[in-house]
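S.K.: Read off the chains here:
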Amino acid sequence: MPALTEQHNDAATGEAPFIRLRNVAKTFTRDGTEFKAVTDASFDVDKGELVSLVGPSGCGKSTLLRILAGLITPDAGSTIAIGGGVPFAPGRDVGIAFQQPLLLKWRRVLENVLLPADILGLPRKESRERARDLLNLVGLAEAERKYPYELSGGMQQRVAIARSLVHDPKLVLMDEPFGALDALTRERMNVELLRIWKKSGKTIILVTHGIGEAVFLGQRVVVLTAGPARMAADIKIDLPAERTLELKTTEEFGAYSRKIYELLGMK
Amino acid sequence: MVSIAVLAHALALLAWYLVVELGKIPAFILPSPVATFATLANDRYDWWSNSVVTAIEIFGGFFLATILGVFFALIFTWSRTGLALLMPLLVTFNMIPKVALGPLVIVWMSYGVVTNIVIAFTIAFFPILLTTLRGLRETEPELLELVNALHATRWQIFTRIQLPGSLPYLFSGMKVAAVLAVAGAIVGEFIGSEAGLGYLMLQVQVRLDTAAMMMAVLLISAIGIVLYGLVSALESLVVVRDARID
Chain A
1 MPALTEQHND AATGEAPFIR LRNVAKTFTR DGTEFKAVTD ASFDVDKGEL VSLVGPSGCG
61 KSTLLRILAG LITPDAGSTI AIGGGVPFAP GRDVGIAFQQ PLLLKWRRVL ENVLLPADIL
121 GLPRKESRER ARDLLNLVGL AEAERKYPYE LSGGMQQRVA IARSLVHDPK LVLMDEPFGA
181 LDALTRERMN VELLRIWKKS GKTIILVTHG IGEAVFLGQR VVVLTAGPAR MAADIKIDLP
241 AERTLELKTT EEFGAYSRKI YELLGMK
Chain B
1 MVSIAVLAHA LALLAWYLVV ELGKIPAFIL PSPVATFATL ANDRYDWWSN SVVTAIEIFG
61 GFFLATILGV FFALIFTWSR TGLALLMPLL VTFNMIPKVA LGPLVIVWMS YGVVTNIVIA
121 FTIAFFPILL TTLRGLRETE PELLELVNAL HATRWQIFTR IQLPGSLPYL FSGMKVAAVL
181 AVAGAIVGEF IGSEAGLGYL MLQVQVRLDT AAMMMAVLLI SAIGIVLYGL VSALESLVVV
241 RDARID
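Protein sequence lines, in the order shown, are assigned to chains A and B.
1 is the number of the first residue of the first sequence in the numbering used here; add one for each residue after it.
1 is the number of the first residue of the second sequence in the numbering used here; add one for each residue after it.
One or more hints might be untrue.
Said to hold, decoys possible - Subject to a maximum C-alpha distance of 20 angstroms in a straight line, what follows is the list of computed SDA-like cross-link-like pairs (lysine to any residue):
id	chain 1	residue 1	chain 2	residue 2
1	A	Lys-236	A	Phe-253
2	A	Lys-105	B	Arg-134
3	A	Lys-105	B	Leu-144
4	A	Lys-146	B	Ser-236
5	A	Lys-105	B	Glu-140
6	A	Lys-105	B	Ser-232
7	A	Lys-248	A	Leu-194
8	A	Lys-259	A	Leu-239
9	A	Lys-105	B	Pro-141
10	A	Lys-105	B	Leu-143
11	A	Lys-105	B	Leu-163
12	A	Lys-146	B	Val-238
13	A	Lys-105	B	Ser-236
14	A	Lys-105	B	Gly-165
15	A	Lys-105	B	Arg-241
16	A	Lys-105	B	Val-238
17	A	Lys-146	B	Val-239
18	A	Lys-267	A	Asp-234
19	A	Lys-236	A	Gly-201
20	A	Lys-105	B	Leu-234
21	A	Lys-105	B	Thr-139
22	A	Lys-248	A	Ile-235
23	A	Lys-105	B	Pro-164
24	A	Lys-105	B	Leu-167
25	A	Lys-105	B	Leu-237
26	A	Lys-146	B	Pro-164
27	A	Lys-105	B	Glu-142
28	A	Lys-105	B	Glu-235
29	A	Lys-105	A	Glu-142
30	A	Lys-267	A	His-209
31	A	Lys-236	A	Gly-210
32	A	Lys-146	B	Arg-160
33	A	Lys-105	B	Val-239
34	A	Lys-146	B	Leu-237
35	A	Lys-105	B	Gln-156
36	A	Lys-105	B	Phe-158
37	A	Lys-146	B	Gly-165
38	A	Lys-146	B	Val-240
For the record, the hints were derived by calculation from the structure and aren't laboratory data.
Since the structure is predicted, the reported quantities are computational estimates derived from the model, not experimental observations.
Make the full structure from the sequences, and use the hints.
M.R.: What follows is the structure, encoded as structure tokens:
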């Protein structure tokens, strides 16, 4: 599969952005009262970019992710264009990873990674090869015959990330992928994710409530606030492409974090 | 582990023996294990054919309960109308003490092996239906989102996620049902029968043949243990360790 070795392209080259959101809104009705989960979200994502969506609970970041996944229909008037002019099939071209690994307990690791390929009816042999490559990429080549219960939480989440990539989706959506891990494992997984992202060249949108995580991972950070839910800012993170954990101790990193704290009213 | 289990049983037999011998308990109240097992040598009791009859009733009732329990759980999972219409009836039916149905079943079907299979079935059916139904619905909502985002069909969700996910629940239901099926078959034999270990117990009770009664109880338990063991063995083959429910 070429996508695994493809180098990550930086900015778009003058064409339409890979994802364009304009005035995206979503109103839920619960017990007769309307509840605005997302209002007026407008931002672009370039092909190969990793964009963080950050904000407190109730800011609509998960709803926005589900809208992008095609699981929720946004309100009338919302504009969403994915693909940047290239055909984009919502079922086929989206990979998802959630906070919980959600592995099937009765399937071995390799079979778990293959679930999307299985559902999409992709060729068995090629998919297996690709799943093995991906397990290699996430550092679990030795674990393919194991059952989920034999793996640690961090390893299970790596399997879930490999699964989100197995059908070679154009867009990968991650909802708090490391939220259930302990702090140290989480930091290690952040570094891992950056490596996986660069190696795979995927466009990734990652939802998190960790401000440090959002800045560390994102090339851009979209800040959402709660009560009422609205989009507060779209910040370009101008930090070196090679990111190590040391970066978190630098002045620039602190400045970005401070800015986001301010936007969220947490000075 | 097996050797410890054997040892525990041997110790219990020894305790039984000592209580009877040292306590000078009359044989018609509690015979010693020696006297109890000695009845096995007596052809008068027809141990083999009575055990076969009871085993057929227990296994028959159990398998019927498993097949129909799973069948209805599937129906209720696939059809909301079926669930809405039949489930309240079945819940009410479940409230009826099944033992009370025994005399009615005998009126409708006359007594015999088939009748006792039906009685064992009515008792063993509900745990299987309820646990399987629960298991089929137990899918994590986010996992459903994950496969729905891939536009999975209902059939794919059913075969890949719901059905395998329900197996641990089915097996925990089957374990409960195995115990209940034994009770059901014996109740059936008590109410009306012409063969089986429960029937034999009533026959020897009038002669205060306590040793034979004890032996019948032991054999009934043994049949139950075999059934339970088969279910557990099948479970360890089919269900991954972590997913099992104890």
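S.K.: Run through the hints listed earlier and report the numbers of any the structure violates, in increasing order.
M.R.: Those not satisfied: there are none.
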